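Asker: The lines below spell out each chain.
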Amino acid sequence: MSDELKPDELLDKIDFAPQKGAESDSVSGNWMNTSVQIRPGMYCYAAKAESVETLGLPNARPWNPLEDDWKLPDNWQEIIFNGLKERLEKFRTFKIFMDICVRCGACADKCHFFLGTGDPKNMPVLRAELLRSVYRNDFSTAGKILKKIPGGQALAGARPMTMDVLKEWWYYFFQCTECRRCSVFCPYGIDTAEITIMAREIFNLLGLNIDWIATPVSNCFKTGNHLGIQPHAFKDMLEFFVEDIEDVTGVDCTPQFQKKGADILFITPSGDVFADPGTYTCEGYMILFKYLKDKYGLDVTWSTYASEGGNFGFFTSHETMKRLNAKMYAEAKRLGVKWILGGECGHMWRVIHQYMDTMNGPADFMEEPVNPITGTKFENAKSTKMVHISEFTADLIKHGKLELDKSRNSNRIMTFHDSCNPSRGMGILDEPRYIIKNVCDHFYEMPPNTIREQTFCCGSGAGLNAGENMELRMAGALPRANAVKYVHEKFGVNTLGTICAIDRAALPTMCEYWVPEVEVYGITELVGNALILPGEKKRVEDLRFEPLPGCEEEVEEDE
Amino acid sequence: MNQKYLIPLTAVFLLFIIAYIGVEGAGLQWFFGIVFPYAAMIFFIAGFVYKVMGWAASAVPFRIPTTCGQAKSLPWIKQNSIDNPDTSTGVFVRMILEIFLFRSLFRNTKAAFNKNASNKLSYSWEIFLWIGALAFHYSFLVVILRHFRFFTSPVPSCLKMLEYFDGIVQMGLPGLFLSGVVLLAATLFLLARRIFDAKVNYISQAADYFPLFLIIGIAVTGISMRYFTKVDIIGIKTLTMGLATLNPTIPEGVGGLFYSHIFLVSILFVYFPLSKLMHMGGVFLSPTRNMANNTRAKRHINPWNYDVKTHTYAEYEDHFRDKMIEAGLPVDKKE
Numbered sequence: 001m002s003d004e005l006k007p008d009e010l011l012d013k014i015d016f017a018p019q020k021g022a023e024s025d026s027v028s029g030n031w032m033n034t035s036v037q038i039r040p041g042m043y044c045y046a047a048k049a050e051s052v053e054t055l056g057l058p059n060a061r062p063w064n065p066l067e068d069d070w071k072l073p074d075n076w077q078e079i080i081f082n083g084l085k086e087r088l089e090k091f092r093t094f095k096i097f098m099d100i101c102v103r104c105g106a107c108a109d110k111c112h113f114f115l116g117t118g119d120p121k122n123m124p125v126l127r128a129e130l131l132r133s134v135y136r137n138d139f140s141t142a143g144k145i146l147k148k149i150p151g152g153q154a155l156a157g158a159r160p161m162t163m164d165v166l167k168e169w170w171y172y173f174f175q176c177t178e179c180r181r182c183s184v185f186c187p188y189g190i191d192t193a194e195i196t197i198m199a200r201e202i203f204n205l206l207g208l209n210i211d212w213i214a215t216p217v218s219n220c221f222k223t224g225n226h227l228g229i230q231p232h233a234f235k236d237m238l239e240f241f242v243e244d245i246e247d248v249t250g251v252d253c254t255p256q257f258q259k260k261g262a263d264i265l266f267i268t269p270s271g272d273v274f275a276d277p278g279t280y281t282c283e284g285y286m287i288l289f290k291y292l293k294d295k296y297g298l299d300v301t302w303s304t305y306a307s308e309g310g311n312f313g314f315f316t317s318h319e320t321m322k323r324l325n326a327k328m329y330a331e332a333k334r335l336g337v338k339w340i341l342g343g344e345c346g347h348m349w350r351v352i353h354q355y356m357d358t359m360n361g362p363a364d365f366m367e368e369p370v371n372p373i374t375g376t377k378f379e380n381a382k383s384t385k386m387v388h389i390s391e392f393t394a395d396l397i398k399h400g401k402l403e404l405d406k407s408r409n410s411n412r413i414m415t416f417h418d419s420c421n422p423s424r425g426m427g428i429l430d431e432p433r434y435i436i437k438n439v440c441d442h443f444y445e446m447p448p449n450t451i452r453e454q455t456f457c458c459g460s461g462a463g464l465n466a467g468e469n470m471e472l473r474m475a476g477a478l479p480r481a482n483a484v485k486y487v488h489e490k491f492g493v494n495t496l497g498t499i500c501a502i503d504r505a506a507l508p509t510m511c512e513y514w515v516p517e518v519e520v521y522g523i524t525e526l527v528g529n530a531l532i533l534p535g536e537k538k539r540v541e542d543l544r545f546e547p548l549p550g551c552e553e554e555v556e557e558d559e
Numbered sequence: 001m002n003q004k005y006l007i008p009l010t011a012v013f014l015l016f017i018i019a020y021i022g023v024e025g026a027g028l029q030w031f032f033g034i035v036f037p038y039a040a041m042i043f044f045i046a047g048f049v050y051k052v053m054g055w056a057a058s059a060v061p062f063r064i065p066t067t068c069g070q071a072k073s074l075p076w077i078k079q080n081s082i083d084n085p086d087t088s089t090g091v092f093v094r095m096i097l098e099i100f101l102f103r104s105l106f107r108n109t110k111a112a113f114n115k116n117a118s119n120k121l122s123y124s125w126e127i128f129l130w131i132g133a134l135a136f137h138y139s140f141l142v143v144i145l146r147h148f149r150f151f152t153s154p155v156p157s158c159l160k161m162l163e164y165f166d167g168i169v170q171m172g173l174p175g176l177f178l179s180g181v182v183l184l185a186a187t188l189f190l191l192a193r194r195i196f197d198a199k200v201n202y203i204s205q206a207a208d209y210f211p212l213f214l215i216i217g218i219a220v221t222g223i224s225m226r227y228f229t230k231v232d233i234i235g236i237k238t239l240t241m242g243l244a245t246l247n248p249t250i251p252e253g254v255g256g257l258f259y260s261h262i263f264l265v266s267i268l269f270v271y272f273p274l275s276k277l278m279h280m281g282g283v284f285l286s287p288t289r290n291m292a293n294n295t296r297a298k299r300h301i302n303p304w305n306y307d308v309k310t311h312t313y314a315e316y317e318d319h320f321r322d323k324m325i326e327a328g329l330p331v332d333k334k335e
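Top line first, the protein sequences correspond to chains A and B. Residue 444 in our numbering sits at position 444 of the first sequence; the count goes up by one each step and never skips. Residue 57 in our numbering sits at position 57 of the second sequence; the count goes up by one each step and never skips.
Please keep in mind that the hints were generated in silico from the structure rather than gathered at the bench. Source: prediction; values computed, not measured. Check before you lean on any hint, since a few could be wrong.
[Claimed, not checked] Covered by chain A, per the in silico footprint, the following chain B stretches (three or more residues, Cβ under 8 Å):
1) 95-104
2) 135-144
3) 172-185
4) 200-214
5) 219-228
6) 308-317
Beta carbons: idealized from backbone N, C-alpha and C, even for Gly.
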């Protein structure tokens, strides 16, 4: 797709002023009367039947979003009505967000998908209105009164639930990455992510998930991780990294698996085990743990059962999220660890930070997390008992417990991409920056409207990181890429740092498309490069087997 | 397209005329001056309470504040305790700023895309919506408070003080109240935004235009009564005091314009709990703003948390035991 549509052609489509002409002729003059066209490049393939079956979710069958017949149960409207009703009672957020939007438009140009596509239905307010219009028809007092008089439905801004509406929901709620940027600007904190989450729960009641979510969920349930890596293969993959690390450092960083009585259980997204450049971040973790083991005797274990930090259940339903997340506490309890350490990931951390303890706690079988090396109590994690790798690493650096040679990263002109969930669902902003400044020489921020709580999504979050929706992804990534391009041109930035596994998978594609000279690095990869392991050989290469600054000639001679 | 505002505009005109003719032609003063205002007030209070109780009845299963700054973390990292509060004090400050100063709206930016060699997306601070919203809400508040002079006798000194400051420009006779002018101007600004900003126009519904026209109608009738047409102010006060003391009377000599004014106000009260105007209550209850970001430190309880089917370690090991043993991974059961 990205080959077919050139960046310039994508840019030509952008217009932030919705066209009025087309729908002004219709009776009520309303966006509600424009029907949706599901367009290749902008949607993800339907969930495979077997993936839906694994978790026993409803209506598993082969279907195709482009076909007229979506093979829904006969009472699909009733299922939607009851599904909405139940969720309005279970979630105050949902009920309030349905009622109080004044359509002020403050959110309209805050969404990366709107900025990248110019499609007015990607304005967060309108995305929510897709659902609200049905809510007003079926649940609000004013809507119920008005629909009895002719033309009243249009006056109430209401419309009945039809197949066209459902298709429109499906198209646009899978064009939201639940990044919450709109929520920052909303005067009532209306969070489109929350509305998207509800819509996707409804889709799952009808068997309307996308495959890029359903299959990882199914894999994660059965094998412990999204990618379906079986236990022996998982071990093999880490051992492969062991060899690579040994080539670079001369030190054997073999990890431990499922070790009962270890101090810490480490869980990270399986994407870091599977694909570049996440794999280098994974090597960074292994180097860090080896260092801490040798220097301070810290005992860290991995687990093949709880081998997924991410949680695509979060993009399916609250129940599915809970079912997948349960492994973390279950494994920590079985192994008898003191607390859990989590790797770099975005939505994983929103689930851990805002949901895990509530869903699957209390974690009373573990200890309140203390860094045994520095003595720091992680007060902010004393109930959930899970600590973020950036909090952990920043604490180690602050106490001078890591011996770092930052010159090894001196060829990396850094900027940092705040990931949506750690920024807006957690607030972990300064820890990664502190680490970067301690392991790299050059760091430049992107413009203030594009970082921290105002950061832009990679465009591929919330399960939309598929191949078939590449046009959507590249359009959604435009605001982020545009800011990267700015610092690339102004300061010569060549490295985009991030603490999210989806970012590590999605941003390289984005950079290739929009800013080809910039590479994507996990923060712990940079730590792994800088960390001086006890007994290491003279390093001439980084973890990517690229020559370290000043070692270019040596490397060439070896080859 | 234009039906979205023509119908609400026509509706407000009709409402005005109904009351005017109802009084001047049919002599229905008792209905427009007593029955409907009372009914509207009762409906407003009951409707408001019902709506808020309805929200309160829904559970808050998860603690999901939108965090807009650095979280409480390591002791040497400076927390943004207002935009990312971890205590109820912080939440209180955040809510006060949100409710009284529209802090989130203050952040508003405007995106622009320059399709040229640089293809740059840029964001500029967009303060006008914030100013318009603040001007609208505060001038409306002052106007409402000023009107308490019609429902109190003697008029409390704090109201007189408010009137003094509101009329501080000392222009014309009777003296000009700033609040009325600002209210009308701000409402017209908000209306103009809806009509002329393509994005806002696209998202606007009849339900967005109706309250704006209604408030414009209220402001215009009120202003014309004060400055342009002669109304019997003593008669009006007799009527309003009658309403306030639950001893309603219809004085002689109060014209139809006044009844249209009070009718439009009553319509606003009725419309309020049925509409988006309930954001006045909802802003207090929004879980993304009124919760502390301390979920990892303090467990939040979900009242409907239920058990789910998980894939246990035992099931996992049963499935993969041979492969795990072969790979040298520890297992709980050897067989």
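Asker: Indicate, hint by hint, whether the structure satisfies it.
Answerer: Do the hints match the structure? See the list:
For the stretch 95-104 of chain B, the assignment as covered by chain A holds, since 3 residues bring a beta-carbon within under 8 Å of that chain's beta-carbons and 3 suffice. Requiring three or more residues with a Cβ within less than 8 Å of a Cβ of chain A, the coverage given for the stretch 135-144 of chain B is violated, as only 0 such residues are present. Counting residues of the stretch 172-185 of chain B whose CB lies closer than 8 Å to any CB of chain A gives 0, which falls below the minimum of 3, so the coverage claim is violated. With 9 residues carrying a beta carbon less than 8 Å from a beta carbon of chain A, the stretch 200-214 of chain B meets the three-residue requirement, and the given coverage holds.
Counting residues of the stretch 219-228 of chain B whose beta-carbon sits less than 8 Å from any beta-carbon of chain A gives 0, not enough to reach three: the coverage restraint is violated. With 8 residues bearing a CB less than 8 Å from a CB of chain A, the stretch 308-317 of chain B meets the requirement of three and the coverage assertion stands.
In this structure, the hints that do not hold are numbers 2, 3, 5, in rising order.
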